[in-house]
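2 protein chains.
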Amino acid sequence: MVDVVIVGSVALDTVKTPFGKVDDALGGAATFASFAASFFAKPGIVAVVGSDFPQQHLQLLKSRGIDLKGVCVEGLTFRWEGYYEYDMNEAKTIKTELGSFASFRPQLPEDYREAEYVFLANIDPELQLNVLNQIKKPKLTVMDTMNYWIQNKREKLMEVVKKADVLLLNDSEARQLFSTPNLVRAANEALKLGPKYVIIKKGEHGALMFSGSTHFNAPGYPLENVRDPTGSGDSFAGAFIGYIAKTKDASERSIRKAIIYGSSVASFNAEDFSLDRLKQITAPDIEGRYREFGSMREF
Amino acid sequence: MVDVVIVGSVALDTVKTPFGKVDDALGGAATFASFAASFFAKPGIVAVVGSDFPQQHLQLLKSRGIDLKGVCVEGLTFRWEGYYEYDMNEAKTIKTELGSFASFRPQLPEDYREAEYVFLANIDPELQLNVLNQIKKPKLTVMDTMNYWIQNKREKLMEVVKKADVLLLNDSEARQLFSTPNLVRAANEALKLGPKYVIIKKGEHGALMFSGSTHFNAPGYPLENVRDPTGSGDSFAGAFIGYIAKTKDASERSIRKAIIYGSSVASFNAEDFSLDRLKQITAPDIEGRYREFGSMREF
Chain W
1 MVDVVIVGSV ALDTVKTPFG KVDDALGGAA TFASFAASFF AKPGIVAVVG SDFPQQHLQL
61 LKSRGIDLKG VCVEGLTFRW EGYYEYDMNE AKTIKTELGS FASFRPQLPE DYREAEYVFL
121 ANIDPELQLN VLNQIKKPKL TVMDTMNYWI QNKREKLMEV VKKADVLLLN DSEARQLFST
181 PNLVRAANEA LKLGPKYVII KKGEHGALMF SGSTHFNAPG YPLENVRDPT GSGDSFAGAF
241 IGYIAKTKDA SERSIRKAII YGSSVASFNA EDFSLDRLKQ ITAPDIEGRY REFGSMREF
Chain D
1 MVDVVIVGSV ALDTVKTPFG KVDDALGGAA TFASFAASFF AKPGIVAVVG SDFPQQHLQL
61 LKSRGIDLKG VCVEGLTFRW EGYYEYDMNE AKTIKTELGS FASFRPQLPE DYREAEYVFL
121 ANIDPELQLN VLNQIKKPKL TVMDTMNYWI QNKREKLMEV VKKADVLLLN DSEARQLFST
181 PNLVRAANEA LKLGPKYVII KKGEHGALMF SGSTHFNAPG YPLENVRDPT GSGDSFAGAF
241 IGYIAKTKDA SERSIRKAII YGSSVASFNA EDFSLDRLKQ ITAPDIEGRY REFGSMREF
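The listed protein sequences correspond, in order, to chains W and D.
Note that the first sequence covers residues 1 to 299 in our numbering.
Note that the second sequence covers residues 1 to 299 in our numbering.
One or more hints might be untrue.
It does not matter which identical chain is meant; a pair holds if it fits inside one copy or across any two.
Claimed, not checked - Here are the simulated lysine-lysine pairs, DSBU-like style, with alpha carbons at most 30 Å apart:
#	residue 1	residue 2
1	K137	K279
2	K139	K92
3	K202	K257
4	K248	K196
5	K16	K202
6	K153	K163
7	K137	K246
8	K163	K136
9	K202	K162
10	K279	K257
It should be emphasised that the hints constitute simulated quantities derived from the structure, not laboratory data.
Using the sequences plus the hints, can you model the full thing?
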């Protein structure tokens, strides 16, 4: 029985930053998210990889207790190539190859359909919708997206937004989706569509959460060494929903704590390429940084 | 007897933002800073204005209890012309006319020399140094600067940094002054030069404070309507040092509170042009927003 169903890419990333480069490294939104969630709960991934996808990557996910019944092997693996300049907040995409994701319409395993927590990670909104519709009684649905889908499948994307309880966006996506430079306005527009919470991720500047009547400001963790921010937003989301699934508490109080756990795991992720840092950390590391988030905002 | 001596420009600003325009409106770093400080303590300004400077502006400052003995009338007033695009974090300068500030070497009034709190607002570092050297026993010296002085008077500026207890910079200035994109590294470099605290202002993203061993993260206030951010950094600084002067407490605990008071007043300032919003608010408004800063970060 899985606690959290996560749909999104399981991919091979080629990434260059001012601090190094990796070729065909393990990546993908569902990979980072499920790995982060696995510190808190049992995630199951819905994705497709090609026969070119290294077995060792699947072994790594399995070793974290991540359920892979929802991962099909077919055709070609999703590949992303991108780079960062000194402003590490913004990824520049050189190439995205959807591979088998372009036509992926999964049948969910029976126990996935019973899951109460769903994370629709960044992927084609048609696939997000397809997966969500197969979940019988979701208690909390969290969704993410990116500029590519905002531009190319806006209407379908809006259908997903209307069904989500928590909408995650980064700041530039929020501005783009709601055609305003002001994040408060963008969040208020988003809340009108249905989500109970809107969380805007601002990279090194932290995250903002808006509900109808309140707002919460999560700081960015002051990292002296950021090597590769790829997957930090996904790690944030995975730890977020993992914490909610663990506590079975989606009150605003719990949402706020989940945001800080998400920020904690995301900050570790940016310290190295691919999943290299997440593979090293333990639950006490995450707790330690969580407490640090507390002390750095006391006044 | 003044509590805080503030040296910096008292100016006429021509500002255009996506939400309006003002011509020759009251502005200047010392103006915003002293107005903000006056909610907490008694500031005295060291500045020069021309005979073209409207009397009503001086009357406004006097009505707030701001001491103007240090303001000379001579030659031409400092004028700044600039604009903002939709990214309201970055002011674009069209023109700066230093006017009589170019050769201003003031003799401080006797009671100013006894002041314990000094704010060296953004102005020629030679003038900052000249003023600081006339203060007999400063308990806390806070300094600000801007890219213009970093480019043109870097060495003199570094002399001031070495004498300051608190260095205020915005994020792009910090990156420029210490030649690194990483704000944590920039802050650590700054701390090596002498200041006990470095505060990096990040506009809508709030502010970071670094001491040798701790850091503090102040959120930005989520404003739905930002009309003109001009002077918000100066308002932040003025309220900051005003609060320290009022409490006579420069412990880290007090510094953190002062940063939130600074953030509170700065957020009001951005809601309208010139000092239009600061003229309307009262101490209870500032307290109310201060408390909101508390609740928006609880988890």
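With identical chains, the pair K16 and K202 could be close in the same copy or across copies; at 30 Å between alpha carbons, which is it: within, between, both, or neither? Result: close both inside a copy and across copies, 21 Å intra and 27 Å inter.
Checking an output row: K153 and K163, CA cutoff 30 Å. Within, between, both or neither? within (16 Å within a copy, 57 Å between copies)
Between K202 and K162, at a C-alpha cutoff of 30 Å, which is it: within one copy, between copies, both, or neither? Classified as within; 23 Å inside a copy, 33 Å across copies.
Go through the copies and call it for K137 and K279: within, between, both or neither, with a Cα cutoff of 30 Å. neither (32 Å within a copy, 54 Å between copies)
Treating 30 Å as the Cα threshold, decide for K163 and K136: within, between, both or neither. within (14 Å within a copy, 66 Å between copies)
At 30 Å max between alpha carbons, let me know whether K139 reaches K92 within a copy, between copies, both or neither. Result: close neither inside a copy nor across copies, 35 Å intra and 48 Å inter.
Within a copy, between copies, both or neither: which one fits K248 and K196 at a CA-CA cutoff of 30 Å? within (17 Å within a copy, 44 Å between copies)
With identical chains treated as interchangeable, where does the CA-CA distance between K202 and K257 reach 30 Å or less: within a copy, between copies, both, or neither? Both: 17 Å inside a chain and 24 Å across chains, each within 30 Å.
Can you tell me if K137 and K246 fall within 30 Å by alpha carbon in one copy, between copies, both or neither? The answer is within: 17 Å in one copy meets 30 Å, while 57 Å across copies does not.
Intra- versus inter-subunit Cα pairing at 30 Å for K279 with K257: Result: close within a single copy only, 23 Å intra versus 38 Å inter.
Checked against the numbered hints above, the structure violates hints 1, 2; every other hint is satisfied.
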